[in-house]
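Peer 1: As a plain string of letters, each chain reads:
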Amino acid sequence: QKEVEQDPGPLSVPEGAIVSLNCTYSNSAFQYFMWYRQYSRKGPELLMYTYSSGNKEDGRFTAQVDKSSKYISLFIRDSQPSDSATYLCAMSRGGSNYKLTFGKGTLLTVNP
Amino acid sequence: DTAVSQTPKYLVTQMGNDKSIKCEQNLGHDTMYWYKQDSKKFLKIMFSYNNKELIINETVPNRFSPKSPDKAHLNLHINSLELGDSAVYFCASSQEGVIGYTFGSGTRLTVV
Chain A
306 QKEVEQDPGP LSVPEGAIVS LNCTYSNSAF QYFMWYRQYS RKGPELLMYT YSSGNKEDGR
366 FTAQVDKSSK YISLFIRDSQ PSDSATYLCA MSRGGSNYKL TFGKGTLLTV NP
Chain B
117 DTAVSQTPKY LVTQMGNDKS IKCEQNLGHD TMYWYKQDSK KFLKIMFSYN NKELIINETV
177 PNRFSPKSPD KAHLNLHINS LELGDSAVYF CASSQEGVIG YTFGSGTRLT VV
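Protein chains in written order, with my numbering: chain A, 306 to 417; chain B, 117 to 228.
Since the hints were derived computationally from the structure, they do not count as laboratory data.
Built from N, CA and C at the ideal position, the CB exists for glycine as well.
Some clues are possibly wrong.
As the list claims (entries may be wrong) - Cβ pair distances, simulated, as ranges:
#	chain 1	residue 1	chain 2	residue 2	range
1	B	K156	A	E350	18 to 24 Å
2	B	Y126	A	K372	39 to 45 Å
3	B	V228	A	K361	41 to 47 Å
4	A	K404	B	V128	27 to 33 Å
5	B	N133	A	G314	47 to 53 Å
6	B	D186	A	N332	45 to 51 Å
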């Protein structure tokens with residue numbers, strides 16, 4: 306079993322839809338949970354992170370972590386064509402300067 | 117001004133050749149990384165350096181040798197290239213006290 310599992314999709318939704326992206330993990334030592342967005346032919350960029358369990362909201366994006374289920378989610382409200390990208394979950398045991406373990410990424414297309 | 121820059125962006129080379137990829141960050145970060153992203157978009161850590169000292173060395177063939185001349189630079193030298201080395205190689209950096217990495221835009225290596 307891989308440490309981090311993520312459904313690679315692809316996921317295709319109409320503009321304005323609510324998108325739900327998810328990852329599961331097996332290592333209970335993970336404390337920091339991140340979502341990265343990667344546009345085609347570009348490097349990943351950090352969208353948001355959460356420490357331990359709980360929710361975090363940033364504009365149209367909401368990240369949720371359920372450590373008891375080892376399950377994390379990213380919700381995108383009112384999705385836009387500019388949200389079309391690969392979304393990667395990533396996790397680490399520490400906050401900074403720690404190794405990140407990534408999921409395989411989910412390719413999202415938002416159709417106008 | 118690019119925060120994490122990699123050169124070259126594209127590299128096409130024959131099997132058996134030796135090649136180098138260079139990375140420079142101007143963010144003042146103290147830790148740098150090399151990640152490999154395969155054709156299925158899976159990002160896996162290879163190496164990590166903190167202030168020129170190697171701190172993470174994952175299970176990577178010893179044909180791959182990182183070098184950090186100073187904390188702003190991390191280069192990757194690959195000997196005797198094989199077809200399976202074809203991938204996108206990302207450099208990243210991070211700073212103590214700040215969550216997440218800043219990635220470069222990647223070097224697309226194709227071995228023919």
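Peer 1: Compare the structure with each hint and give your call.
Peer 2: To see whether the hints hold, each was checked on the structure:
1. The hint said 18 to 24 Å for the Cβ distance between K156 of chain B and E350 of chain A, and at roughly 20 Å that hint holds.
2. A beta carbon spacing of about 41 Å between Y126 of chain B and K372 of chain A agrees with the range 39 to 45 Å that was offered as a hint.
3. Take V228 of chain B and K361 of chain A: their Cβ atoms lie about 45 Å apart, and the range 41 to 47 Å holds.
4. In this structure the supplied range 27 to 33 Å holds for K404 of chain A paired with V128 of chain B, their Cβ-Cβ distance being about 30 Å.
5. Distance hint check for N133 of chain B and G314 of chain A: the Cβ-Cβ separation is about 36 Å, which falls outside the suggested range of 47 to 53 Å.
6. In this structure the hint that D186 of chain B and N332 of chain A lie 45 to 51 Å apart at CB is violated, the actual value being about 33 Å.
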